[in-house]
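2 protein chains.
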Amino acid sequence: MTSPRANTLAVSTVIFALRPRGAGPSAHVLWVPLVRRTRDPFLNQWALPGGWLSAEEELEHAASRTLEETTGLAPKFLEQLFTFGDLDRTPGDRVVSIVYWALVQPTEADRAIVDDNVRWFAADALPQLAFDHNRIVAYALWRLRTKMEYSRIAQAFLGTSFTLAQLREVHEAVLLRPLDPANFRRSMESSGTLIDTGERVAGARHRPPRLYRYTSTEPTPPTDPTNRHEEFAHDDRIR
Amino acid sequence: MTSPRANTLAVSTVIFALRPRGAGPSAHVLWVPLVRRTRDPFLNQWALPGGWLSAEEELEHAASRTLEETTGLAPKFLEQLFTFGDLDRTPGDRVVSIVYWALVQPTEADRAIVDDNVRWFAADALPQLAFDHNRIVAYALWRLRTKMEYSRIAQAFLGTSFTLAQLREVHEAVLLRPLDPANFRRSMESSGTLIDTGERVAGARHRPPRLYRYTSTEPTPPTDPTNRHEEFAHDDRIR
Chain A
1 MTSPRANTLA VSTVIFALRP RGAGPSAHVL WVPLVRRTRD PFLNQWALPG
51 GWLSAEEELE HAASRTLEET TGLAPKFLEQ LFTFGDLDRT PGDRVVSIVY
101 WALVQPTEAD RAIVDDNVRW FAADALPQLA FDHNRIVAYA LWRLRTKMEY
151 SRIAQAFLGT SFTLAQLREV HEAVLLRPLD PANFRRSMES SGTLIDTGER
201 VAGARHRPPR LYRYTSTEPT PPTDPTNRHE EFAHDDRIR
Chain B
1 MTSPRANTLA VSTVIFALRP RGAGPSAHVL WVPLVRRTRD PFLNQWALPG
51 GWLSAEEELE HAASRTLEET TGLAPKFLEQ LFTFGDLDRT PGDRVVSIVY
101 WALVQPTEAD RAIVDDNVRW FAADALPQLA FDHNRIVAYA LWRLRTKMEY
151 SRIAQAFLGT SFTLAQLREV HEAVLLRPLD PANFRRSMES SGTLIDTGER
201 VAGARHRPPR LYRYTSTEPT PPTDPTNRHE EFAHDDRIR
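Line by line, the protein sequences give chains A and B. Each residue of the first sequence is one higher than the one before, counting from 1 in the UniProt record's numbering. Each residue of the second sequence is one higher than the one before, counting from 1 in the UniProt record's numbering.
Chain A extracted, bound-state conformation (with noise of 0.2 Å):
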């Protein structure tokens, strides 16, 4: 007779960070950093950083805690993505993980640990991933693809102000194909959600590109005194 599964639970975190494809003035892609496995079960395999849950730790601190533990970032944007919790996606006791996403500026990531034990995949390019995390990856990628079409996510990857080339750029890295300029420009200038800061950038020679930013009309989540630990960020919200 077996003795029966208990839940446990874990938080993990999906971190896409825009990076060179290689060196050299390529285009901008997508890195997701993974952490190895040092025990089994998925000995050796590649997993997303993350741990248990202690009862004494909330949600979004355990998932900047391990995230920094493992890459030494502490994304602005950490937020809430979806509970895992299929029978079958562990063996032995069934693991409920609480999946958070951060997303990473290039100057940011620039700084990431890397070592033996934590390497950097290009997220259209990943490895066998241990347990489900493929799947969470995958899913995560397609969050991020849905809500750039309506929030401002994309935000997330730029500074304050951005010139439409690094904002078609990311458009470009998080839908992995490539956008028509001219199009682009038409379609962010009717969008009504982009802001001509009158500056440009500094430093080029001829016709520097202007710089834009945000309106900053997005819809923020309800405040409430209860709501000491700003747990319940909405997953458009860029901090």
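What you were told as hints is all true, and nothing was included just to trick you.
Straight line, CA to CA, 30 Å or less: simulated DSS-like cross-link-like pairs of lysine-lysine:
(1) Lys147(B) x Lys147(A)
(2) Lys76(B) x Lys147(A)
(3) Lys76(A) x Lys147(B)
(4) Lys147(A) x Lys76(A)
(5) Lys76(B) x Lys147(B)
Just a few of them, taken from the derived set where beta-carbon distance is under 10 Å, the chain A residues facing chain B:
(6) Leu9
(7) Glu57
(8) Gly85
(9) Asp86
(10) Leu87
(11) Arg94
(12) Ile98
(13) Tyr150
Across the chosen pairs, the derived CB separations fall in these ranges:
(14) Ala27(B) x Ser216(A): 27 to 37 Å
(15) Arg185(B) x Gly22(A): 44 to 54 Å
(16) Arg186(A) x Ile195(B): 25 to 35 Å
Read the hints as simulated data drawn from the structure, not as lab findings. Beta carbons: idealized from backbone N, C-alpha and C, even for Gly.
Assemble the complex: chain A is given as a structure, and chain B must be docked to it using the hints.
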């Protein structure tokens, strides 16, 4: 010395149904069925339907089972909303609640169980609920309002085809304010999301209103061979 806290897992569901405010031809409003607590903590206070998660039950199954047991409903739209786990949301052990939300059409809502321990409340006039359930409903309402701006989620309150007046009534109930019929019509016609079915409401004597349906171009989540349970149904999907 006190024993350390443990994590325990629960599943709860916020159910929104479109129903008339009172008797007669008054406008529809959003209603939420709540369950009276029969034990401490929060004895006799109203709470969201839900229960403890067994290690042998899929998350979505636990949500649909507990809402069916308390309300008799089997909503077509049932999706994961958010996981709440603040350390201070419960006395004693820390409870992590995976919250689902369900959207119910008026005809479905009429079949719901009502007894001493299950009562329907107007979503904008809830009493003080157990735990952090007021905050959870406020979050769900906020998500519903936000999603209605960019998705076809209003569909969940309607049949396959509907009149513009019915669609406007859903928007009015969710936004809690009247909308100008002519502006609403223009906005919907220019959105490109509605198709005129060519049919009209049956039985109306004079100028029966046209029936519309949504286009079916809503993006769908990635499929995965391991996803046997379709557990990660994306939150725009209408099933």
